[in-house]
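2 protein chains.
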Amino acid sequence: MDQKIIVALDAMGGDLAPMETVKGAVDAVKEMNVLVKLVGREEDVKRELAKYTYPKEKIEVVHAEEVISTDEVPTMAIRKKKNSSMVVGMQLVKNGEADAFVSAGSTGALLTGSLLIVGRLPGVERPVLGTCLPTKNGFTFLVDSGANVDCKAKYLEQFGKMGSVYVENVFGKKNPSVALVNIGAEKEKGDSLTKEAYELLEVSDLNFVGNIEPRNIPFGEADVIVCDGFVGNTILKFAEGLSKTLVDIIKSEITKGAYKIAAAMLVKPFRNVKKYFDADEVGGAPFIGLKSLVVKAHGSSNAKAFKNAIRQCVLFKEADIVGKIQDKL
Amino acid sequence: MDQKIIVALDAMGGDLAPMETVKGAVDAVKEMNVLVKLVGREEDVKRELAKYTYPKEKIEVVHAEEVISTDEVPTMAIRKKKNSSMVVGMQLVKNGEADAFVSAGSTGALLTGSLLIVGRLPGVERPVLGTCLPTKNGFTFLVDSGANVDCKAKYLEQFGKMGSVYVENVFGKKNPSVALVNIGAEKEKGDSLTKEAYELLEVSDLNFVGNIEPRNIPFGEADVIVCDGFVGNTILKFAEGLSKTLVDIIKSEITKGAYKIAAAMLVKPFRNVKKYFDADEVGGAPFIGLKSLVVKAHGSSNAKAFKNAIRQCVLFKEADIVGKIQDKL
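Heads up: the protein sequence lines correspond to chains S and E, in order.
For the first sequence, position 152 matches number 152 in the working numbering, and the numbering has no gaps at all.
For the second sequence, position 34 matches number 34 in the working numbering, and the numbering has no gaps at all.
You can take every hint at face value.
Chain copies aren't distinguished; within one or between two, either way the pair holds.
Straight-line Cα separation of at most 20 angstroms, PhoX-like style, residue types lysine-lysine; simulated pairs:
1) K58 with K23
2) K82 with K94
3) K56 with K4
4) K256 with K136
Please keep in mind that the hints were generated in silico from the structure rather than gathered at the bench.
Using the sequences and the hints given, assemble the complete structure.
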């Protein structure tokens, strides 16, 4: 029997909502066997939907009056704004009316709400935020990319396991290699957390390949890289800032006077360079270890990003990642 | 009275030793009021020295038979190789026969030896490794860039103070701004370490400007940025790897077929881009908080880098940084 997967999408989340959220949903239902529940101000969402032709039975609108903004204190916002698109969306998941939830809204509110409303999977110490970090030859899956600070070694071991299951089943990489982010290659290097985590990962059933030094992360030497959320978020955000700075410096140098012509010839190659770092291809960062999947889409997500976030949800459900994670832990 | 400053230089340390170490010493004594003691195999060092004309009274050779390699276990190497260029050089500092020591040899051995032989300054919890990280408009001084893991908040406060004194007196930046590396801009963000360190830095006499998010580090928003050595080393090494990867990707894209001509026209601007990231301009990472200065030069240092490392030592001594740090703590 062909049971349809239901994904709730926060229609109001992100800089380009509701235009791009709605378009992403429309594109998704045309490609995938999925029912998308667009959660947000009915009037706004329906106005956007009216622009498109699509199989009507595959999109529903669920009204939510309020919106949580990115500058609100997460816990307060989740508690007070019961009628926000984010809270209503997660309630759908909690009540079994959706299999997964996607939002490009406030990261803090989404993570807090996920824990409070969707809830942790039994046996999971800390759900983990995974982000695809672009590398020379594809990407590496960074867990934790910012959900958990002050971690214990046991958490890191679980991050590795959950990351491995996700990458294998959602991104289709067989027996993914898992490495521990550390400031030295040898086993005895690092701080007390990484030393202890190494011991646990080494004896686990993962395809553990040892420490990865931060210098080697961009070379794509491992499919999954494990660290605490402070280090992971530092890597992720520093990568954004540094890439932007480097490209700015290069652009400013090559558009000076005599080089303008050469620079103009290079518009296309530079566009290809940008593709290496195209976050929209993946569509968001999954928050893994909850009773269902929640995907945090980037604040600047476009329709393609939302469509791909929905695809992650579909693959997650189809592959029964929840069951596989429980088996693994 | 014009008292000459004496700098001991590990003539055997680094990939390009002793050619570049000796040339760096020769260039330094021509420019600065300094006596350089070249420590290493006398025969090798003298053979290099014979290539140059320089004021003979400003360079001395101190024989040391052994060399510590980068693959040796630091503590063992320092303990066993009493006649190595590194140990002999640090002994000169300990005995008052040199004011500072520069080496491009094994980082681990140098840090270990610094603590064991040169020794901590009273009142300093942990000496800190400071590294100039290139930014859009110059550089930011990263403390700690890798000497201390498992830090306490009190250490981070001292890193800020020592970094501030160093940047003000050696790099000539008046009342330098100091920021705490953290994964959120607000005071209450971060892990337990950064939250506690924030409290200490806030009430210190530093020009503390709050948290700096990793995304903003390359924009050069603060003169000194403070973090524990695990995070600092991660930032430093990841920056190296990512810059190299980005430049490789850009190069491979723009040298494809039709773009070759345009790329050829851009050799000079790309050389200018490289200048932004020229570590040789600074000459090495000072290990601050010891009884004297020890500078870790990069393994691939050339003569210019060694000369500039020697300059750091001269400025350090002239400005009495040891006294200023003791006042500050």
